[in-house]
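Assemble the complex: chain A is given as a structure, and chains B and C must be docked to it using the hints.
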Amino acid sequence: MISAALPAILSHWRRHPLQLATLIAGLALAAGLWSAVQAINAEARASYSRAAEQLGTAGLARLVPESGSIPIARYAELRRSGWKLAPVLEGVVRFDRQSFDIMGVDLLQHPNAPDLAKAAEADSAAPLEALRPPGRIFAHPETAALFFKAQQVHPVTPLEALPRGLGMADLSLASHLLRQPDSLSYLLVLPEQPPGLDPLAELAPELTFIPARAAASDTARLTDSFHLNLTAFGLLSFAVGLFIVQGTIALSLEQRRGMIRTLRSLGVPMRLLTGLFIAELAAIALVAGIAGLVCGYLLAAALLPGVNATLAGLYGASVDGSLSLRPGWVFSGLAMTLGGAFLAGARSLFALWRMPILAAPATRARGQQASRSHVVSAFSGVATIIAGLVIISIYQNLIAGFAFLGALMLGAALLLPLLISAGLSLGAKMAKGALTEWLWADTRAQLPGMSLALMALLLALAANVGVGTMVSSFRLTFTGWLDQRLFAEVYVTAASDAQGAELAQWLETQGVTALSRSYHDTRFKSAPLRVYGFEDDSAYRSNWPLLDALPDVWDKTARGDSVLINEQLARRHGLVPGKILELEPGWRLPIAGVYSDYGNPNGQAMVALQALQKHVPGLPNRSFGLRAAPQEVSTLITLIRQRFDIPRENITDQATVKARSLEVFDRTFVITAALNLLTLGVAGFALLTSLLTLWSQRLPQLAPVWAMGVTRRQLAAAEVLRSLLLAAGTAVLALPLGLVLAWVLLSVINVAAFGWKLPMYLFPLDWLRLFVLALLAAVTAAALPAWRLSRIDPADLLKVFANER
Amino acid sequence: MVLTIRNVTKRFPGQTEETAVLRGVSLDLDRGRSLALTGESGSGKSTLLHLAGALDHFESGEITIGGTRLSELGDTQRAALRRRDVSLVFQQFNLIPSLDVSKNIVLHARLGGRLDEGWVTRLSERLGLAGLLDRYPEQLSGGQQQRVAIARALAVRPKLLLADEPTGNLDETASAAVMELMLELVRESGTALFLVTHSEAIARMLDQRLHLRHGKAA
Amino acid sequence: MNAKIFLVASGLIWATAVQPQGYAGLGTDAEGFAIPKPDTGPTFPADHGPHPDFRIEWWYLTANLEGADGADYGIQWTLFRSALAPGEAAGWQSPQIWMAHAAVTTKDKHLFAERIARGGVGQAGVQTHPFSAWIDNWQMRSADETIENISLSASGMEFSYDLNLMADGPLVLQGNAGYSVKSASGQASHYYSQPHYMVSGTLSLPDGPVDVTGHGWLDREWSSQPLAEDQSGWDWFSLSFDSGEKLMGFVLRGARGDFTSGTWISADGTAEPLEPGAFQAQPLGIRDVQGREMPTHWHASVPDKGVSVEVLALNPQSWMGTSFSYWEGPVTVTGSHSGKGYLEMTGYE
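Chains as they are written, first to last, in my numbering: chain A, 68 to 872; chain B, 96 to 313; chain C, 10 to 358.
Note that these hints are calculated values from the structure, not bench results.
These numbers come from a predicted model, not from an experiment.
Even for Gly, the Cβ is constructed at its ideal location relative to N, Cα and C.
Misleading hints may appear alongside valid ones.
What the hints assert, rightly or not - List of simulated lysine to aspartate or glutamate pairs, DMTMM-like, C-alpha gap at most 25 Å:
1) LYS185/A <-> GLU358/C
2) LYS496/A <-> GLU154/B
3) LYS866/A <-> GLU154/B
4) LYS116/C <-> GLU167/C
5) LYS151/A <-> ASP171/C
6) LYS496/A <-> GLU233/B
7) LYS499/A <-> ASP195/B
8) LYS866/A <-> GLU157/B
9) LYS866/A <-> GLU233/B
10) LYS118/C <-> GLU259/A
Claimed, not checked - Ranges of calculated distance between the beta carbons of each label pair, as one might list FRET restraints:
11) ASP628/A <-> PHE53/C: 55 to 63 Å
12) THR211/C <-> PRO266/A: 17 to 25 Å
13) PRO272/A <-> ASN158/C: 33 to 41 Å
14) ASP863/A <-> THR171/B: 18 to 26 Å
15) HIS309/B <-> SER70/A: 39 to 47 Å
16) SER447/A <-> GLU154/B: 54 to 62 Å
17) TRP80/A <-> HIS309/B: 33 to 41 Å
18) ALA862/A <-> THR171/B: 13 to 21 Å
19) PRO266/A <-> ASP48/C: 47 to 55 Å
20) GLY330/C <-> GLN219/A: 37 to 45 Å
21) LEU706/A <-> GLY96/C: 40 to 48 Å
22) GLU167/C <-> ASP265/A: 15 to 23 Å
Bound conformation, chain A alone (with noise of 0.2 Å):
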């Protein structure tokens, strides 16, 4: 019997050829975007870890000082408490005006030293002359390559399992290096230790203890908003090309009504063709989602690079370049293509389930019916966006952000075919003529084949305003922000403290103000801290970007009697202008003012740079910030060069530095641009299938204009102008929901994922050509079917009245 079934069930495809294409390219463009993202996020998180096993502390947990550094001494108590623990001291080291990230460790205690000791052999070092001067760096191939140009004082052994852009050294180095003789940054807990000893909280209660699993990656904590992110975009895609698809699904079926009937009547039972359905969409499934993954991995692959910059901009994290296939990411997006398949065909297929043998093919609903349906719909769209802000307003975190923007762009989908439909009936009501006050009803009565489409590309379309808001008030910001926060004219950094020395001296005899730049890296509550030292000068007064301060800010911190902080930093830990820091222990400064710092993951604070001296014996200080004329820019330069030994690349001038800022804020959001514009191409996609599926069902609506006199050329114009007519409709809903999505992106989303509060800008230009762009895939997406229609033979349109249908 199946023998018999099957083959009539399966003809339908051979006669409808390009529907079939339309179910496999939806099914594959959702499988191929969610797959893509889900590649792109599980190389990223493998890459993380394996940055994290790299360093041997994945598996270990961290005991971290809630400010500053851990003195030796400590360290030597906790030791002879009993405790095995391996010492770590991080920091930056500048060669060659190139910074590198150090961690220093104790080369007999660390987890890893086994792996760092057949490397050195294998670079035929003699044994443990690592731990003499003048040390020796390990670091992976690509970071070993450019410590060999930065420096040659230090031997570098090249070591793959290392993570990139970090070099290891043994703490006679590192400490060396960071001139941090008798602190540590933190220490790893080894995992064997005897039994019998006193609990470390009791040892050390100025110690925090972090589990193996939460210590294992700072990395993996900062970029989870991003990946939440990616992930958003990645299910939005997937969620539009489900919707391309539930529409051919439905068709296809009931294209097969009559012959379903046909079959059934010939005693073949409804429960065996409804299985053979199934089979059917699961072999189609397994197609489209086996090209969906070839298309997701390919795609991952072109995205990489993006991703890449993205992390690299935003967090200083970093990805291996090249993309692994895993078998868990086929299985999953197989898995999420078959389930996807049948989420969109479940209705169709259950309906089918349902159908009575005898029963006329259901009418579709039209006109008065479909308002019933807007009508619900728009109610649960109400009711999800009312959920959303409840979320939103209880729970301030990342999570509720997302969820609040998912309710919000859900609900306003879920409303899109009541305004559309009442913003026809308007139109229709304005009309003059009989050909357009036809079109304007037409195109309502097709709404309901339409909106699925239609709610893709709102989505698309608001996502893009949003995204587009954010970050092009974002950079609005960030270049002012820039403007203000880099208000010296030149940047130098001398090669040692004496000739920072020297150079200052000659600079004040020249009557150039220099203004140190000094800092120094400690931690608070286990999250890395730089502490600037400034001098007071009238440009930090006129120029800082201040958010909050206490009255006589500048005095109080150039006093040294209080310090400031950034935004991150403020938002993180709730401190405001009035409450107490402790930088290092013992060293407690009230907080006097908060200052945005965009672009950087980590907390600031500036204090005054004598304040800092004294607590930070030996601060290098090589750093300068020089005031210029403008015009005196490039002599001033070029004297320091005369008569100064230092690199071209150590003097920078503001134009450059912003030029460069400029380039990394760029690239970070590459990554965003690309997924939207997927995202706008999905959903034109999504039309164009739509109108494709529509477009049997046109003709009886069609045939009789024909027939009445209006050229089949008119009625291919009248398509298009359908599809623009919608397109724009739904364009200018987008608008306000895109304007609240940046709100929340910018208000909600950023303070939670970075730590900084946006001002929102409006570029009114950017939706204009996004308009256009709107219209553009309205016009692409009506362009075949127009066309079709155009060329149709009049047999065609015939056939509509003959009499045996």
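Structure of chains B and C alone, referenced to chain A:
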């Protein structure tokens, strides 16, 4: 003469001269007159009707409507002709589901730029549609829908009304009533009626008759 | 001269096996390091402390103990110092590396642990006022600057011990007034011992705590070049006879012939260096130890002193599987003299 058909031949793709759907058919139909086209299924009735409605092309012969030779018209001119001078009524009614009854009735007339409100009102009353004007087609019975279709066709005041089994979907009582009304209105408006039917009873109600067999007048 | 130590210099975690010229590379010249001199006798308490100018040094304590139930136990507590360069410096710049081994041996168990530390940061070291040697929470501590009365503790994953040691006799200077020659070509070390400890305390073993008493023996030795180039390992005996006499003797196995030496300590603590060759030791029984053939049953003799004894390991599997590995364990003595002692064997690969 409103409609003259001279020696018209029509072939669908794949058909030879012998198996052509129409082989040299001719007829004349004058103003206010009605003609019943009968024949078995597949004899070419509907095809001839479509040709007379400037909906399709023919290979040879000539059709003139109100003196205009169809063979000389392009797509746009044929459309213009259909807008003003020819109306159609089909078995399936083919109303526009998105427009209410009143808008359906005036649609063709407005497309042809020949809307005469008075005439439309009268038509609606005569066809018993006055109370249904703000309904949508899906809310009407088959007989009501066909009366709307007739109203729409006549609202144009066409020279030629083409009807293809207009009562094929209706029961006998409704069928007779609709036919009588249509004939009455055709006579009043001076329209020529060209009607395809397989019903002997209906054929007898009309002035002239042409029977087709295998594409030829019998 | 418990010697395994040597590899500390090049071994540790970087231990890359045995160089061709000798066990763990100790046969090389001592560049920049101080060289032991025969005419500088030890001074106390200063020489209880470290000698950072010498390449290697150790505080090496073994004890033969007996539980209340009559069972035999042995413990080891060793702190090694190894310098990557002569001298001392503050913090992480210190060239000194410390390593310690601790073990408890019973008839059928041998439990051991190891600790490693950097010098300069306080994690490990030796002080003289009062005397204290430590690494992590392992300690050998005195209340004053002598080593007459010390407390000793160490712990591993499966054991720990806490012992008190009281000296019942004078310090013994090994070799020629503390200058101990290690080869015919003149390699030597500074070497003194305290072999007269009375020990009491508690061992914590997997089966529970055991109160023990017995005798302990501390060796202090420092040098920069203790092995000749052809020497590949040694067998070292420290034996305490029931008569109150004690014997320290070693065989340095060399390609150009074995070198033996030792010290005879009479019951009153008087030490008498043995001439090279006066002490002899021959394997009697070979056992498989962790895949190696090792002599855990010996015949040892000092004909001059009428000593002809069999030395039998309490637990033949007393293998120290540490960064550098060796055999170290308690022995029982029978024959012309009876008693207990410790045996150490290195260089069996």
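Here is how each hint holds up against the structure:
no.: 1; hint: LYS185/A <-> GLU358/C; verdict: holds, 22 Å
no.: 2; hint: LYS496/A <-> GLU154/B; verdict: violated, 45 Å
no.: 3; hint: LYS866/A <-> GLU154/B; verdict: holds, 20 Å
no.: 4; hint: LYS116/C <-> GLU167/C; verdict: holds, 16 Å
no.: 5; hint: LYS151/A <-> ASP171/C; verdict: holds, 20 Å
no.: 6; hint: LYS496/A <-> GLU233/B; verdict: holds, 21 Å
no.: 7; hint: LYS499/A <-> ASP195/B; verdict: holds, 16 Å
no.: 8; hint: LYS866/A <-> GLU157/B; verdict: holds, 23 Å
no.: 9; hint: LYS866/A <-> GLU233/B; verdict: holds, 22 Å
no.: 10; hint: LYS118/C <-> GLU259/A; verdict: holds, 21 Å
no.: 11; hint: ASP628/A <-> PHE53/C: 55 to 63 Å; verdict: holds, 57 Å
no.: 12; hint: THR211/C <-> PRO266/A: 17 to 25 Å; verdict: holds, 23 Å
no.: 13; hint: PRO272/A <-> ASN158/C: 33 to 41 Å; verdict: holds, 35 Å
no.: 14; hint: ASP863/A <-> THR171/B: 18 to 26 Å; verdict: holds, 19 Å
no.: 15; hint: HIS309/B <-> SER70/A: 39 to 47 Å; verdict: holds, 41 Å
no.: 16; hint: SER447/A <-> GLU154/B: 54 to 62 Å; verdict: holds, 58 Å
no.: 17; hint: TRP80/A <-> HIS309/B: 33 to 41 Å; verdict: holds, 37 Å
no.: 18; hint: ALA862/A <-> THR171/B: 13 to 21 Å; verdict: holds, 19 Å
no.: 19; hint: PRO266/A <-> ASP48/C: 47 to 55 Å; verdict: holds, 54 Å
no.: 20; hint: GLY330/C <-> GLN219/A: 37 to 45 Å; verdict: holds, 41 Å
no.: 21; hint: LEU706/A <-> GLY96/C: 40 to 48 Å; verdict: holds, 46 Å
no.: 22; hint: GLU167/C <-> ASP265/A: 15 to 23 Å; verdict: holds, 19 Å
Hint check: a violation occurs at hint 2 only; the rest are consistent with the structure.
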